[in-house]
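Fit chain C to the given chain P structure using the hints.
Protein sequence lines correspond, in order, to chains P and C.
For the first sequence, the working numbering gives the first residue as 1, with consecutive numbering after it.
For the second sequence, the working numbering gives the first residue as 307, with consecutive numbering after it.
Please keep in mind that the hints were generated in silico from the structure rather than gathered at the bench.
There's no promise every hint is true.
As the list claims (entries may be wrong) - Covered stretches of chain C, going by a simulated chain P footprint (3 or more residues, C-beta under 8 Å):
hint: 1; segment: 369-382
hint: 2; segment: 678-690
hint: 3; segment: 791-803
hint: 4; segment: 885-895
Stated by the list, open to error - For each label pair, taking beta carbons as the anchor points, the in silico distance ranges come out as:
hint: 5; chain 1: C; residue 1: GLU832; chain 2: P; residue 2: LYS49; range: 28 to 38 Å
hint: 6; chain 1: C; residue 1: ASN600; chain 2: P; residue 2: LEU255; range: 53 to 63 Å
hint: 7; chain 1: P; residue 1: LEU255; chain 2: C; residue 2: ILE739; range: 19 to 29 Å
hint: 8; chain 1: P; residue 1: MET27; chain 2: C; residue 2: LYS695; range: 26 to 36 Å
hint: 9; chain 1: C; residue 1: ASN649; chain 2: P; residue 2: GLN60; range: 40 to 50 Å
hint: 10; chain 1: P; residue 1: LEU203; chain 2: C; residue 2: GLU829; range: 19 to 29 Å
hint: 11; chain 1: C; residue 1: TYR438; chain 2: P; residue 2: ALA267; range: 43 to 53 Å
hint: 12; chain 1: C; residue 1: VAL914; chain 2: P; residue 2: GLY288; range: 45 to 55 Å
hint: 13; chain 1: P; residue 1: PHE259; chain 2: C; residue 2: LYS789; range: 51 to 61 Å
hint: 14; chain 1: P; residue 1: GLN60; chain 2: C; residue 2: LEU412; range: 23 to 33 Å
hint: 15; chain 1: P; residue 1: GLY288; chain 2: C; residue 2: LEU860; range: 51 to 61 Å
Stated by the list, open to error - Okay, derived cross-link-like pairs now, DSBU-like style, lysine-lysine, Cα gap no bigger than 30 Å in a straight line:
hint: 16; chain 1: P; residue 1: LYS50; chain 2: C; residue 2: LYS609
hint: 17; chain 1: P; residue 1: LYS56; chain 2: C; residue 2: LYS789
hint: 18; chain 1: C; residue 1: LYS805; chain 2: P; residue 2: LYS282
hint: 19; chain 1: C; residue 1: LYS340; chain 2: C; residue 2: LYS695
hint: 20; chain 1: C; residue 1: LYS833; chain 2: P; residue 2: LYS282
hint: 21; chain 1: P; residue 1: LYS56; chain 2: C; residue 2: LYS925
hint: 22; chain 1: C; residue 1: LYS925; chain 2: C; residue 2: LYS603
hint: 23; chain 1: C; residue 1: LYS853; chain 2: P; residue 2: LYS50
hint: 24; chain 1: C; residue 1: LYS609; chain 2: C; residue 2: LYS695
hint: 25; chain 1: C; residue 1: LYS853; chain 2: P; residue 2: LYS56
hint: 26; chain 1: P; residue 1: LYS282; chain 2: C; residue 2: LYS599
hint: 27; chain 1: C; residue 1: LYS789; chain 2: C; residue 2: LYS599
hint: 28; chain 1: C; residue 1: LYS801; chain 2: P; residue 2: LYS46
hint: 29; chain 1: C; residue 1: LYS865; chain 2: C; residue 2: LYS805
hint: 30; chain 1: C; residue 1: LYS789; chain 2: P; residue 2: LYS46
hint: 31; chain 1: P; residue 1: LYS56; chain 2: C; residue 2: LYS805
hint: 32; chain 1: C; residue 1: LYS789; chain 2: P; residue 2: LYS49
hint: 33; chain 1: P; residue 1: LYS168; chain 2: C; residue 2: LYS853
hint: 34; chain 1: C; residue 1: LYS842; chain 2: P; residue 2: LYS277
hint: 35; chain 1: C; residue 1: LYS866; chain 2: P; residue 2: LYS56
hint: 36; chain 1: C; residue 1: LYS609; chain 2: P; residue 2: LYS282
hint: 37; chain 1: C; residue 1: LYS342; chain 2: P; residue 2: LYS56
hint: 38; chain 1: C; residue 1: LYS599; chain 2: C; residue 2: LYS853
hint: 39; chain 1: C; residue 1: LYS603; chain 2: P; residue 2: LYS56
hint: 40; chain 1: C; residue 1: LYS599; chain 2: P; residue 2: LYS56
We put the CB at the ideal spot given by N, CA and C, even for glycine.
Here is what each chain is made of, one letter per residue.
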Amino acid sequence: MIAYLLTIFVLIMIAPLLLSYIKAFEMVLLFKRPISIFQGYRNFSKLMKKETMISKETSQITRVAPFLVLSPLLVTMFFLPPVVQGAYYVSFVDAFTITGLLSLSTFFLMLLGLDSASSFGGMGSSREAFISALVEPAMVLTVFSVSMMAGDLGVAQAGVNLAQDFPKEHMASFLFAGISFFILLIAENGRIPVDNPSTHLELTMIHEAMILDISGVYLAIIESASSIKFIIFASLFASLFMPFGLEYSTAIAILIFIFKLLLISTAVGVMEVSTAKLRLFKVPNLLGIAIVFAFLSLITFYVLGA
Amino acid sequence: MFQFDTLSVVFVVLIVLGAIPNIFYSFGYLPHIKRKVHYQIHYFSFILSMLGVVISGNALVFLFFWELMSLTSWQLILTEVEGESTISAGRFYFLMTHFGFIFLLLFFLIVTNGDLDISFEQMRGVASTFAYPTLLFFFLVLGFLSKAGAVPLHVWLPYAHPEAPSPVSAIMSGVMLKVAIYGMFRFLFDVLYPWPLEWGIVVLIIGSISSVVGVLYALSEHDIKALLANHSIENIGIILIGFGMGMIFDTLDLKVLSTFAFIASLFHVFNHMSFKSLLFMGAGSVLHETHTKNMEKYGGLIKAMPITALTFLIAAISISALPPSNGFLSEWMIFQSMLGSSNIADTSLKLAIPFAIFSLAITGGLAIACFVKAYGITFLGLHRSTNAKHAKEVNPLMRYGMIMMSLVVISLMLFAPYYIYWFDKTLVSLNHISAYDKIFPDGVLSMHSVAVHGGIVSPVILLVALVGVTLLLMFAYKSLNVKERVCHTWACGYKTSAKTQYTSVGFAGPIRRFFIWLYRPDEHFEKQTIAGHESKFDNASYEVHVKPLFEESLYAGSKKLANFLSYWIYRLTHFEQTRYAAMIFNLMLFILFSYRIFSDNFSWATLVLESVVMIISVKVLIIGDKK
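So that you can see chain P by itself, here it is in the shape it has in the complex (with noise of 0.2 Å):
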């Protein structure tokens, strides 16, 4: 229990630096002189005593939604596999109450980028809205398939279970599945094919633009939720896709779990430098991939029994 709760809490903490990490990492391979790693902490604690100005336009959901982003994700990092043998978990969350949950702090993003009547704010909202639909199709069929070959539908049980007795036999449809919920990582979390999440150029905005009329402590609310965000499917990635390293004592295997963090972060980095974000509509190609690698995954898992 303890091992759980030391997890979460540090998950939580460490979450800003991972996304100033993937800054930093960048601007080292453009030749840049990178910013700290702990820039995450300074904007919170900068923006945590800032006043908030609320437009006159917006609506009580302005005051409520920040909240309701950021409490549905926390509530899903206790869902989150073990990462030391033998702690405690939440076995048998499944697949499609995690995606629900996610949807529902996108949901109230995207109300909340509606409320403030300005038009970026319902150009990020209905951009999201036509991603994340396309997302969640891609994302219940990957864990499925990964839950099918760990032979568990409960996400941390699946995690814990893969650890255990990784299923050698079944790599071919373990990687379409690791291809796929990369592609998912990266469109979720608006890095770069997908959404550029260090500009305020309109035709690129899609995360920025929701948030656009958010500032103070709300917007400090809402940057710890993207960063919660993507400490989920990273951590997700890393209990299924790398299930090793959980056998040894508390401390070195969380140790271990933030390496394959950094190791996870430092591929979306590469990704990001390395290609140029996308067009919008061309967006869909990319998805429709990680679908097409979902199925493919279960297909080879089904047919082939590889």
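Coordinates of chain C only, in the frame set by chain P:
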């Protein structure tokens, strides 16, 4: 004459739960209606006739109440005739509902041997001796699903629901469509059991297509009631996915999974009743205040109509299947039952089911997009018309109706185990084995999937966790004592006004563009450019209309074909009487041959021989030589 078994009682409860809040709402809505007596007579006989359908014990009573239900709802659509569109919607509904009625009548004439008084158990004996049970199955599908609004018999819904007064659309969409599902349950279980595997697959395919088609056309709508009507098609699709999975599992002898899938389907029947009625009531309140069904004329209504906005939000979360709402629970059950497909040995079926999972998942994603659009454009932002500016909260009776219905929604979430207990009883009374103990093995708090290594969900714990964390965060925010400043929305230098907001057409733009091969939208774009500069204009208008593909191809196509045939026959009767006489001769030949083939004795040799004779005779006598 009447019977009260568990299935009937469950559906009586459904109708009562749907009707009581609706009656309150309806009385609040009454000052809005001119033909009050006409409306009330038909409204109450409509509710009573639905009750009559679900408790009737023989075919005659069933058909009587079924027809009464169709006719009263048809008159209710025509309560307020505001031009040609209402009349044509009424006519369309009348035609479609009687199209289905013909098949029901055929079904009953066959399974009762012409004696409409016999009970359902006796029908089963007759049906089991009938040589073509699949024919009976298709009669049922055509008869009931044309009422329920499954693809491709769904075309009347987006016309009929918007034209009816809002309480009537709420009860038609929420309850009447479910009475058709009752018919599926009643006659498939009582009369046509056991089912071949193919029937379940047919229902599953119809369900999957309906769910995707319904939600896609809902996204392209900007008439709020037509949007909700399209969502009814989607939800009927989801119900049918559960139903089809239940039939497939039953045939494959996975009895517990079958019960689980049927419970999921029944649960979704109840959930859809609750949230769709609530959504239609909310839409009706908005319509009542703004006098328009066009979503582009709403905006900012949350400030003037907080209760409507709150109840609409609850229903929107529930219909989008977001946890921990009741809509989520039933879709979760349907998902889990499909994940139980790993127990199936047949590989082709196993491969087919992920496609159904895919369609259910993409339906969920698109439904979220659609309800963000419906809620955001209607209730958030700035008001887009003067009517929306002067909107007030609706009168108390209508408010009570909406609040009561949202209580029904919430009760379906909190007391799900209790409802599921009754659904389980229903399935047991229909000769399925009980799954309740497997769904709730350790107490009512957590709901288990009956699939091997299935998931578990606990609505109450999820709700408590979500509300708890949210309240904790809000408390933390309060205790921070953050200073707040109120100012205008900053739009990068532009003035924020109602006209610069995103419209509902714009919101659905990316999705419309992606599915352009399906929508084939009819776009009109006009702008007045300044001094010939393409990029500078002071006035522009963009309109887009989506005509449903099914309507265009299937309905307009068959209309064209019927026109063509009738004109051809008209020409024959008036100008070429010899060929006309030859046609009558051929028709008689055809009837005699088909009687011989299907009723007397069947053999492939005579079938081939007789078809050759038919073809030659048609060629020589009717078509003749080319001129």
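Run through the hints listed earlier and report the numbers of any the structure violates, in increasing order. Checked against the structure, the hints that fail are numbers 1, 4, 5, 7, 8, 11, 13, 14, 15, 21, 22, 23, 25, 26, 27, 29, 33, 35, 36, 37, while the rest are satisfied.
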